[in-house]
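The two chains are supplied separately, each in an independent frame; assemble them into the complex guided by the hints.
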Amino acid sequence: MKRWLTEGLVLIIAAVVAFPLFWMVLSAFKPEDEIISADPVPWTTRPTLDSFTRALTVANFGRYFMNSIIVALIVVALSILISFLAATALTRFRFRSRTTLLIMLLVVQMVPVEALTVPLFFLMRSVGDSVPVFGLNHLGSLVLVHLAFSLPFAIWMLRGFVAAVPVELEEAATLDGASRFRFLWQVLFPLVAPGLVATSVLSFIHAWNDFLFAKTFIISAVENQTLPLALQVFVKPDQNDWGAIMAGSTLMTIPVLIFFVLVQRRLVSGLAGAVKG
Amino acid sequence: MTAKGQGRTAFAYLAPALLVLGGLLAYPIYQLVLISLYDYGQEQVSGGAPLEFLGLGNYQNLLGNQQFWGVLGQTVAFAAVCVVGTLLVGAFLAILATRVRTWVRMTLFLAALGAWSTPAVAGSTIWLFLFDANFGFVNEVLGIQGFSWTFDKWTAFGLVAAQVIWCSFPFVMVTLFAGIKAIPGEVLEAAALDGASAFRTAWSVTLPLLKPIILVVTIQSIIWDFKVFTQIYVMTNGGGIAGRNLVLNVYAYQQAFAASEYGLGAAIGVVMTVLLLGITMFYLRALRRSGEVL
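Residue numbers (the working numbering), protein chains in the order written: chain R, 1 to 277; chain B, 1 to 294.
Bound-form chain B, shown alone (with noise of 0.2 Å):
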């Protein structure tokens, strides 16, 4: 086939997930972008009022408020924590499963799974209804009935933290299990005949061999925990007492729908991007260190 005739067929195959991309992708992301840029309030969506060209006043705006600093702040917090538990607890479990009989690694798999596996508003209702104050079984256990755990902002936090981490470890544990049973035995025994210690080698082969999998597990980590929505939405009541448990997505969310500022959300949701963005080039950069070729 010619070269154009290559270029001409394969923009057919394509034009389907182009529609779909460029239509509800690449077009919402321009519309994000200029919606940021108005005075975008309910008589403009209902009422036909003129749209008053802003600039860049909504991100002033943003900018001087002390709540989006102490929302930014939080988020980012959030996100640490949900991480860097998520990633211990992945890491811990992985190792442990390397160790342990078939059907014990089994049920470890098959338990993860399900937490893997529970939709996000389900596992967040349980876990409100495990902690609930009066009839939780984990107050029950602790003996402290009637304590409520969203009640106080931090205690809140952390039970949604918890959640998170809950339904995040698997897709980690998982997938440094893989990396570690893929390192070819003949490496470990070399390094064992060489007469390194576990830990030595656990620490000079096994984790430089690891590397770019731990990479690409932290990144999609940060990616994923810095956007939690329904968590937080379901287990705080759409962002606590006062909005104290906010995170970005909900503060966008609440600003653009239930305070009907829609060019405040989006310039909110332009914030939310950029930084994710910005997140995204290092995960460019650390998947083609691994070896993955565009």
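Okay, chain R solo, but in the shape it has when bound (with noise of 0.2 Å):
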């Protein structure tokens, strides 16, 4: 095939691929007229920021992307100290049962936590008997959940960038005199920070994205739901505010778009650096 034939074909693939998210954004900015028209047009000559407006006071979006913001943030917080003592313990000793818990790392990556929907939601009340915070309702519960489905996964990842700082230096700042706690924190902390980035992305976009436990947990206090379930209360059988939804997906979509583009190269390198190990 000429090349520019390829080349061509790739540019109109791209474009049907991108077509969505532009349809999104576009509508987005619609007025409402042009939304519900019964001949929609991919362009618009009034944008506005009406559906914007609408989402964010009539729906309360603000608030419910600020709880969002919060679950993602302390889970990747969390699992980020977490996983980095996980792995250095996982690749810096040799211990016993150090096989078997790599083998029970990897089985439970596969359990599919949606199974796991029943037991959580009676472990989470009854947790919440005792502390709040952390039970159904509250945010806590879904910054549990989300903290131990990203952590298999965060701990198998960072292992590969642990062994790859050389035991040498290690050595070295011993001799240097640094204590085991400042070599941890000063040298090998550092070290692994791009593999430290591919896995926080992952564990911020599951957290964000999730909508199950979101829906499963948070059941009456309308205060703490999360973006992917507000934007549900949205979409009702008949009467859509499509604007509105197309407003709040946008909002939705523009902070993982971000990261993503932000880190792609590193996270690309950080797969590497995992499947490498």
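These aren't lab readings, by the way, just hints derived from the structure by calculation.
Some hints could be false.
[Unchecked claim] Okay, the calculated bits of chain R under chain B, using three or more residues with CB under 8 Å as the criterion: (1) 26-37; (2) 148-161; (3) 209-220.
[As the list claims (entries may be wrong)] For each label pair, taking beta carbons as the anchor points, the in silico distance ranges come out as: (4) R:Ala77 x B:Glu189: 45 to 55 Å; (5) R:Arg3 x B:Ala192: 11 to 21 Å; (6) R:Pro190 x B:Gly55: 52 to 62 Å; (7) B:Ala162 x R:Ile258: 20 to 30 Å; (8) R:Ala172 x B:Ala77: 56 to 66 Å; (9) B:Gly278 x R:Leu262: 36 to 46 Å; (10) R:Glu168 x B:Gly158: 25 to 35 Å; (11) R:Val133 x B:Met106: 19 to 29 Å; (12) B:Pro16 x R:Leu262: 22 to 32 Å; (13) B:Ala258 x R:Asp50: 31 to 41 Å; (14) R:Glu171 x B:Gly278: 41 to 51 Å; (15) B:Gly23 x R:Ile219: 15 to 25 Å; (16) R:Arg3 x B:Lys181: 16 to 26 Å.
Being a predicted model, the structure only gives us computed values, none of them experimental.
For each residue, glycine too, the CB sits at the ideal point set by N, CA and C.
Set out below in structure tokens:
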């Protein structure tokens, strides 16, 4: 095939792939009468922020946006700390149950977390009896489950990065009088930062995108809903406010998109590092 | 450091992870199995009615239930269509990407990155809007205003599958592209010098070298597509009219939280977990063969 033919085909495919996102942003800026017109057109001459205003005021999207951010950021912070320590233990130390732990780590990644909604629902219910913040209807319950779901992969992936740091470096640091604690946080931690970026992005996205657990845990506390759930509230069988839905979808997609574009190079090298492990 | 000291420090480092994973993954898995053995309904949850041990009763109930078999079949077929579609689109585009200039490739990758990063709920609603019976752009272009894509069982499944492929092919494309790029140029040159045709090179040199990667993305796709929840739930409004678009995941959720049959929901969860762990065993072996060291 001639190269320009192939390139034309690739560009057309790229346009098709990007079209849903283009349509989302376009519809978010369209005035209402153009959205519910029987002859939709792929442009607008009267862009407006009405839909965003409706999403933010009527549906209180700002609040849900903050809830989603809070959950995702706490999950990322905790998962960095915990997975870094665990990955270090699993690569730098030899102990008897090490291989068993590694295999279990791989196996739990394959457990469909969706199947665990029933037991986790009851667990959060009883946790909530003693510690309300981590119980049903509170953001804490979402933090807990997403932390647990993101850890196995994060530990698995960081292993490769920790292993790539030469052991001699630790010996040198020890000779220079650095304590184990200082070596851990001032030498090793910065060196595995690329790996931490990759795992953090994935943890963030998992927590940010979650629909099932938000739906299961946040039953009656409307003020504690997260974005995916709030967006779902808009969708009604007959009378959809598509403008506000598309504005909400745009608000929900943009942080992830920015995140992805910013770290895509590191993400790819991070994933490659994990595979090489 | 002594061996014992190493072990002690290691466990100190591992303690937070073990605590979280034990409490929020291992314990719930145990609970899942336990709940699936009981008659666990609304009276037991809120009314404090005594639990009745059923043994394998919930499973017997499932296996004798026509709907369960229907849903299981649908889940497998839906996952199969999604996996095959994802792999074909991903592989085709990965190959095309090696034959174009950088700026064209970057355009494609950027578009794919957008699809990849769109949250499932947002992606589902966008597709619903694009394919809306009255205000959707697709019906306008095709000239079939008023046609509902989500009403008929098969068009609804098709629409969801298309959405799933849209957001999951980028992973396959990027991974395969990286795999193709990692093949040393000398190998391909040697094949060309030996007089191998382009097709022969692709079939006998590139494909065998890519086999480990293809295996990994295939199994990864199977695992993902087998447990699609959000797209089905959002796009078919909880499993379609009279539950005809249900897949196992949504079925378990509906049994547990809509019908308050928590025991039955848990049993479906166990069935799903066992099926996926079976696939995982293959995954482990595939990983080991591709050189991953435990």
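Next item on the list: Go ahead and decide if the range 36 to 46 Å is satisfied by the Cβ distance of glycine 278 of chain B to leucine 262 of chain R.
Entry: holds (38 Å)
Next item on the list: Could you tell me whether the CB distance from glutamate 171 of chain R to glycine 278 of chain B stays inside 41 to 51 Å?
Entry: holds (45 Å)
Item checked: proline 16 of chain B versus leucine 262 of chain R beta-carbon gap, inside 22 to 32 Å or not -> For proline 16 of chain B and leucine 262 of chain R the Cβ distance comes to about 28 Å; the hint holds.
Checklist line | Verdict for glutamate 168 of chain R, glycine 158 of chain B (Cβ pair) under range 25 to 35 Å | finding: Roughly 58 Å apart at Cβ, these two residues miss the hinted range, so it is violated.
Checklist line | Pairwise beta carbon distance, valine 133 of chain R to methionine 106 of chain B, judged against the given window 19 to 29 Å | finding: violated (45 Å)
Note to self: A range of 56 to 66 Å was offered for this pair. Does it hold for the Cβ distance of alanine 172 of chain R and alanine 77 of chain B?
What the structure shows: holds (58 Å)
Note to self: Against the range 11 to 21 Å, how does the distance between the Cβ atoms of arginine 3 of chain R and alanine 192 of chain B compare: consistent or not?
What the structure shows: holds (18 Å)
Checklist line | Cβ separation of alanine 162 of chain B and isoleucine 258 of chain R, checked against the hinted range 20 to 30 Å | finding: This hint holds: roughly 26 Å between Cβ atoms.
Notebook entry, point to check: Range hint 45 to 55 Å: satisfied by the CB atoms of alanine 77 of chain R and glutamate 189 of chain B?
Noted result: holds (49 Å)
Next item on the list: Between the stretch 148-161 of chain R and chain B, see if three or more residues pass the 8 Å beta-carbon test, and mark the coverage as holds or violated.
Entry: Contact hint for the stretch 148-161 of chain R vs chain B: holds, 5 residues under 8 Å.
Checklist line | Outcome of range test on Cβ distance (arginine 3 of chain R, lysine 181 of chain B; 16 to 26 Å) | finding: holds (18 Å)
Note to self: Please check whether the stretch 209-220 of chain R has three or more residues whose CB lies within less than 8 Å of a CB on chain B.
What the structure shows: holds (count 4)
In the structure shown, a violation is registered for the earlier hints numbered 10 and 11, in ascending order.
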